[in-house]
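*Asks:* Assemble the complex: chain V is given as a structure, and chain F must be docked to it using the hints.
There are 2 protein chains.
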Amino acid sequence: MADALSPIRETDDDARALARRLLQGAAIAALGVIDPATGAPFVSRIAFGLLPGVGAVTLVSDLAHHARAMRIDARVSLLLGEPGPKGDPLTHPRLTLAATARWLSPTPSERARLAEAWLARHPKARLYIDFTDFHFVALDPQSALLNGGFARAYALGRQDIMLALT
Amino acid sequence: MADALSPIRETDDDARALARRLLQGAAIAALGVIDPATGAPFVSRIAFGLLPGVGAVTLVSDLAHHARAMRIDARVSLLLGEPGPKGDPLTHPRLTLAATARWLSPTPSERARLAEAWLARHPKARLYIDFTDFHFVALDPQSALLNGGFARAYALGRQDIMLALT
Chain V
1 MADALSPIRE
11 TDDDARALAR
21 RLLQGAAIAA
31 LGVIDPATGA
41 PFVSRIAFGL
51 LPGVGAVTLV
61 SDLAHHARAM
71 RIDARVSLLL
81 GEPGPKGDPL
91 THPRLTLAAT
101 ARWLSPTPSE
111 RARLAEAWLA
121 RHPKARLYID
131 FTDFHFVALD
141 PQSALLNGGF
151 ARAYALGRQD
161 IMLALT
Chain F
1 MADALSPIRE
11 TDDDARALAR
21 RLLQGAAIAA
31 LGVIDPATGA
41 PFVSRIAFGL
51 LPGVGAVTLV
61 SDLAHHARAM
71 RIDARVSLLL
81 GEPGPKGDPL
91 THPRLTLAAT
101 ARWLSPTPSE
111 RARLAEAWLA
121 RHPKARLYID
131 FTDFHFVALD
141 PQSALLNGGF
151 ARAYALGRQD
161 IMLALT
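If you read the protein sequences in the order shown, they are chains V and F. Okay, so the first sequence: first residue is 1 according to this note's numbering, each after it adds one. Okay, so the second sequence: first residue is 1 according to this note's numbering, each after it adds one.
Chain V with its partners taken away, still in its complex shape (with noise of 0.2 angstroms):
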């Protein structure tokens, strides 16, 4: 019986792998951050890469609602992992990753590092990168649920995450 049965498996090799698959293929996000006016959920969409000495970012406006609310509650949760446009998009692996919003303040040298690093993966944002109200913002990793597809989850620790990200 279904209800009989804890939904999280032990976590493997595979499931690693495919949450390192999950990281480094993921080119946006669904955020989601505590609204500092209201204290609920508030989930937004974002850009999301992996940088080089860093790990896991964001590119973020000073004017978007999520980074006020980063700025005040640090604590984020980002779901990755898209469905394409076939199949069931809800047997298509995820993970929810529980980090901590750092907000990055590189010298100009270093910041034009990250920029370059980002725009191999974010070519549109060419637009708008140097605008001055955008900041890159690391989403450091504490936990991670990976859903593999129905009936096969697995909880993931920092340690399996960090390796996930190199």
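These aren't lab readings, by the way, just hints derived from the structure by calculation. Note that the coordinates shown come from a computational prediction; the quantities given were computed from them, not determined experimentally.
The list makes no distinction among identical chains, and a pair is therefore deemed to hold if it is satisfied within one copy or across any two copies.
In the DMTMM-like style, the derived pairs of lysine to aspartate or glutamate whose C-alpha atoms are separated by at most 25 angstroms in a straight line are:
#1 Lys86 <-> Glu116
#2 Lys86 <-> Asp14
#3 Lys124 <-> Asp88
*Replies:* Same frame as chain V, now just chain F:
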């Protein structure tokens, strides 16, 4: 200068029509809840649909982490509007819906009617829709933030959303 502008435009009929299209067209959503164990946000993928006489609905298993969370704190956020495989996903329109989760307690005949309407939209759910741990949960809208692409954001009130649901 971008950072001197409010990113929220005045809601017009085009914005309402776009919100309606996103709500009517969504089969899945990214759901944000408050994780009861930590108080942090938690985002996962859910099935989504509009059902006659109810409005926005999801079908969840008691085993799902988000189901347990919604029973403790009913405040949720939904991100609707999946980007296609082409184009810039960050200019693809999407809607963030603030809603309250309401667990439905249908009679057997009411549930059969809900299930029939749900299966018309989610035929693969036939595999598990009758499992005893699966429940319909109404997602009663409170407000929404519509993002029609770069620098095209609109705040929608409950009235705007209720109209878009019908």
